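*Asks:* Here is what each chain is made of, one letter per residue.
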Amino acid sequence: MSERLAGLRAIYRREFRSYFSSPLGYIFVVIFLIASGYLMVSRDFGRLLELREANLDPLFTYVPWLFVVLVPAVAMRLWAEERKSGTVELLLTLPVTLEGTYLGKFFAGWSFLSLSVLLTWPAVFQVARLGSPDWGAIVAGYVACLLTAGAFLAVGMLFSALSKNQVVAFILGVTACVLFLLVGLPQTQEAVGGWFGGYAERLIESVSLLDHFEIMTRGLLELRAILFFVVFTTVWLIAGMVLLNQTKNQ
Amino acid sequence: MESEETTGKKEPDDVSSPDMSQDVNEPGEAANEAATEAEATSEAAAAEEAADAVDAEEPSTARMSSSDVGDSPSQAATAPLDLGEVLIEVKGLRKHYGDIRAVDSIDLQVRRGDVLAFLGPNGAGKTTAMKMITGFLEPDGGEVTVCGELMGPLATDVKKRIGYLPENAPAYGEMTVQGFLDFIADARQVADPPSAIDKVIGMTGLSGVRNQVIETLSKGYKRRVGLAQALIHDPEVLILDEPTDGLDPNQKAMVQDLLSSIAADRCIVVSTHILDEAERICNRALIISNGKIVVDSTPVELMRQAPGHNAVRVTFTDDVHPEGFIGDFSGLDWCEGASILESGEVEIRPRSGRSRLPEIMKLLEDKPVETLRVHEGRLDDLFRELTKGVTT
Numbered sequence: 001m002s003e004r005l006a007g008l009r010a011i012y013r014r015e016f017r018s019y020f021s022s023p024l025g026y027i028f029v030v031i032f033l034i035a036s037g038y039l040m041v042s043r044d045f046g047r048l049l050e051l052r053e054a055n056l057d058p059l060f061t062y063v064p065w066l067f068v069v070l071v072p073a074v075a076m077r078l079w080a081e082e083r084k085s086g087t088v089e090l091l092l093t094l095p096v097t098l099e100g101t102y103l104g105k106f107f108a109g110w111s112f113l114s115l116s117v118l119l120t121w122p123a124v125f126q127v128a129r130l131g132s133p134d135w136g137a138i139v140a141g142y143v144a145c146l147l148t149a150g151a152f153l154a155v156g157m158l159f160s161a162l163s164k165n166q167v168v169a170f171i172l173g174v175t176a177c178v179l180f181l182l183v184g185l186p187q188t189q190e191a192v193g194g195w196f197g198g199y200a201e202r203l204i205e206s207v208s209l210l211d212h213f214e215i216m217t218r219g220l221l222e223l224r225a226i227l228f229f230v231v232f233t234t235v236w237l238i239a240g241m242v243l244l245n246q247t248k249n250q
Numbered sequence: 001m002e003s004e005e006t007t008g009k010k011e012p013d014d015v016s017s018p019d020m021s022q023d024v025n026e027p028g029e030a031a032n033e034a035a036t037e038a039e040a041t042s043e044a045a046a047a048e049e050a051a052d053a054v055d056a057e058e059p060s061t062a063r064m065s066s067s068d069v070g071d072s073p074s075q076a077a078t079a080p081l082d083l084g085e086v087l088i089e090v091k092g093l094r095k096h097y098g099d100i101r102a103v104d105s106i107d108l109q110v111r112r113g114d115v116l117a118f119l120g121p122n123g124a125g126k127t128t129a130m131k132m133i134t135g136f137l138e139p140d141g142g143e144v145t146v147c148g149e150l151m152g153p154l155a156t157d158v159k160k161r162i163g164y165l166p167e168n169a170p171a172y173g174e175m176t177v178q179g180f181l182d183f184i185a186d187a188r189q190v191a192d193p194p195s196a197i198d199k200v201i202g203m204t205g206l207s208g209v210r211n212q213v214i215e216t217l218s219k220g221y222k223r224r225v226g227l228a229q230a231l232i233h234d235p236e237v238l239i240l241d242e243p244t245d246g247l248d249p250n251q252k253a254m255v256q257d258l259l260s261s262i263a264a265d266r267c268i269v270v271s272t273h274i275l276d277e278a279e280r281i282c283n284r285a286l287i288i289s290n291g292k293i294v295v296d297s298t299p300v301e302l303m304r305q306a307p308g309h310n311a312v313r314v315t316f317t318d319d320v321h322p323e324g325f326i327g328d329f330s331g332l333d334w335c336e337g338a339s340i341l342e343s344g345e346v347e348i349r350p351r352s353g354r355s356r357l358p359e360i361m362k363l364l365e366d367k368p369v370e371t372l373r374v375h376e377g378r379l380d381d382l383f384r385e386l387t388k389g390v391t392t
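Protein sequence lines correspond, in order, to chains A and B. Just so you know, the first sequence maps onto residues 1 to 250 in the numbering used here. Just so you know, the second sequence maps onto residues 1 to 392 in the numbering used here.
It should be emphasised that the hints constitute simulated quantities derived from the structure, not laboratory data. All values derive from a computational prediction rather than experimental measurement. Any given hint might turn out to be false.
Derived lysine-lysine pairs resembling PhoX-like cross-links, with alpha carbons at most 25 Å apart [unchecked claim]: (1) B/K91 - A/K164; (2) B/K292 - B/K367; (3) A/K84 - A/K248; (4) A/K248 - B/K91; (5) B/K219 - B/K252; (6) B/K219 - B/K91; (7) B/K160 - B/K91; (8) A/K84 - B/K219; (9) A/K248 - A/K164; (10) A/K248 - B/K292; (11) B/K362 - A/K248; (12) B/K199 - B/K160.
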C-alpha cells in the first residue's frame, strides 16, 4: 500500500506550504471568514444575534453554499496549473506514484480548507456565551463542514485534472457542486418526484449532499451519512486519478 | 548480450571502462585538431595525419550504426570496444497521439559513459521518447528498462536513479531556489539533503540566488535550477530535454562544461537541435525523424558523413580563370566533383569525405594558389539531408 502512495508526504508538505507562500491562501481565508461571519449574523440570513439561540446552525446552514464557490477556487489550480506550467512532468517523474501525488494534493487542500473552517472558532465562543449549546451538535456540524469541503474538493480536483485552464476548471467545478446541492433542495426533489415518480425522488434524495449534511448538523453523527461522504469523495478521487492518467498521456 | 548487461545492476566500481567517453572522443578530437592544423598551414602531411587519425578511430567510434545513411563509411564499423554497463534499454517503443505516430518502434541501448545526443527536428519524437523513458508517459507498445528494472507507473525505485530536466525547465515559481530543492530532496528521499543541496548549488552556480524566488530569476538561472534538481540525487541516468535552449553563449558553455565534467560515471541523454552542442559534449549522436531513429553514430562520424567534409577550398591569384581546369578534377575516381562557389573559391570535394589533400596539392602545384583551406563540413547540412520532408 505504501508503495502505491509513494510521495504523498512530500507532496502534501509542499502543497500545504504553497497556500501560505502567496497572498492567495490568505485572501481565501479572509474571504471565507468575512462571508461566513456575515451570513451567520446578517438579519437576512443567519440572524445569530437576533435569534439568541445557543447553536451554530446560522453558520453551518450557509457553509455548503459558500463552499460551492470557494472550494472549486482552491481546487482549480491543483492540477490545471501543474499541467499548464509543465511542472506535472517534473512531479510525476519524481519517485512518486500518481495516486500518492493526487492524494498528497487532496489532503493538503483539505487541510487548508479545514484550517479555514476551524478559524470560525470565535463563533463557538459566542454561542457558549449565549447559553448552553449542544456541544455534540457543534462537533457534528464541524465534521459535516469538513466532510463537505473534502467532497467538493474531490469534485473540483477532477475538473482541474481535466483542463489546463484554471477558469474552465473553476466553472465546471462550481457547476457540478451547485448541482449536487440543488438535488438536495425540497423543491427539486418534489419536481423530480412529480415528473418521474417517487422512486426517482428517493434516488436523488439518497445522492443529495445537502440531505446528508443536514442530518449531521442536527447533531447526528450517523454512520450512513459519514459513509455517504466517504464514498462520494472516494469515487470522485478515483475518477480524477483515472482522468489525470488519461489526460497526461494525451 | 552479456548476462551482466541483462541484469544491469552492476555497481559503478564494476565497470571496466567508465571513461569511455574519453576513449571515444580523443581520437576524434585529434583528427579535428589535425584538420585545423592543415587548414592553417596548408601542409599535406598534416592533412594525411588527420585522415589517418580518423581512419584509425573508425572501429571504436561507430556504434550500432543501424542508420539509413545508405552507403556511408560508418557501416563498415566493427563492434565497439570497452562497452560500459547498459543503463537504459528501450525495446520497440511506440507512442501515438491520435493518428500521429510520435514514436515508432524505437530500439536503443545507452551505456554508462555514454553522452547521447537526441537530435531531430521539432516534432520528431525526441521529447515523447524522453517522457516515456522517464516514466511520465506510458508507451502504447514496447518497454523501457532503466538500470535493469522495468519502467512503469509504480517503478519508484527506478525513478530514484533518473535525473530529468523536462523541456523549458519547469519549476514552482512561487518557491525559493532553496525551498524548491528542499522539496525535490524530500520527494527523492535524499539521504543528506543539506549537503546534497549545497553540492548542486555549488555545481550549478546558484549560491547567489539561493533564497530568491524562482519566478524572479532570469532564464539562465531557471535552467540551472532545473539542472540542480535533476542532479540533486547524483543519478546514474541523466535525461535532459534541451538543457541549453534559449541560453546565451556563456550560459551554454557553463552547462556544457558541467555536463562534460559529470559524464564519466553515468549516462546522459541530451535532446538538442543545436548540432554544435552535440559535437562538443556528446560521444554518441542519434538522429530521430518521424518517430524513428535514422542515425545512431558519433558526432565525429556524423561530421565525416556531412556533405563537404574534407572538401578543399582554394582561391587563386586574379589572373587565373579556374573554369579552365576544374573539369580535370571531376574525372578523378576519388573526386566527387569540383565547382566554383559564390565566394569565388574553388571547392574540390573528395568522395566519402576522406582527406585527399596530398593529391589535391599535387594537382595544384603548378597553379598560382593564393589561399587553401580544408572544409570540415556542416552537420546542419547532414541533418537537413536526413530529416528532409519533416515539417512541423
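*Asks:* For the pair supplied as a hint, B/K160 and B/K91, confirm whether the alpha-carbon distance does not exceed 25 Å.
*Replies:* Roughly 21 Å separates the two Cα atoms, so the pair holds.
*Asks:* Is it true that the CA of A/K248 sits at most 25 Å from the CA of B/K292?
*Replies:* Holds, at about 23 Å.
*Asks:* For a C-alpha distance cap of 25 Å, please report whether B/K292 and B/K367 respect it.
*Replies:* 48 Å, violated
*Asks:* B/K199 and B/K160 were given as a pair; does the straight-line alpha-carbon distance stay at or below 25 Å?
*Replies:* Holds: B/K199 and B/K160 sit about 18 Å apart, inside 25 Å.
*Asks:* Checking one constraint from the list: CA of A/K84 to CA of B/K219, max 25 Å. Satisfied?
*Replies:* Given that 25 Å is the threshold and the Cα spacing comes to 18 Å, the pair holds.
*Asks:* Under the criterion that the straight-line Cα-Cα distance not exceed 25 Å, is the pair B/K219, B/K91 satisfied?
*Replies:* 36 Å, violated
*Asks:* Checking one constraint from the list: CA of A/K248 to CA of A/K164, max 25 Å. Satisfied?
*Replies:* Between A/K248 and A/K164 the Cα gap is close to 11 Å, so the pair holds against 25 Å.
*Asks:* Taken at face value, is the distance from the CA of A/K164 to the CA of B/K91 at most 25 Å?
*Replies:* 32 Å, violated
*Asks:* So if I understand the rule, the pair passes when the alpha-carbon distance is 25 Å or less; does A/K248 with B/K91 pass?
*Replies:* It holds: about 22 Å lies between the C-alpha atoms, which stays within 25 Å.
*Asks:* With a cut-off of 25 Å on the C-alpha distance, tell me whether A/K84 and A/K248 pass.
*Replies:* 11 Å, holds
*Asks:* Between B/K219 and B/K252, does the CA-CA distance stay at or below 25 Å?
*Replies:* Distance of about 12 Å is within 25 Å: holds.
*Asks:* Sort out whether A/K248 lies within 25 Å of B/K362, counting only the CA atoms.
*Replies:* Since the Cα atoms of B/K362 and A/K248 sit roughly 63 Å apart, the hinted pair is violated (cutoff 25 Å).
Violation of the numbered hints given earlier is confined to hints 1, 2, 6, 11; the remaining hints are satisfied by the structure.
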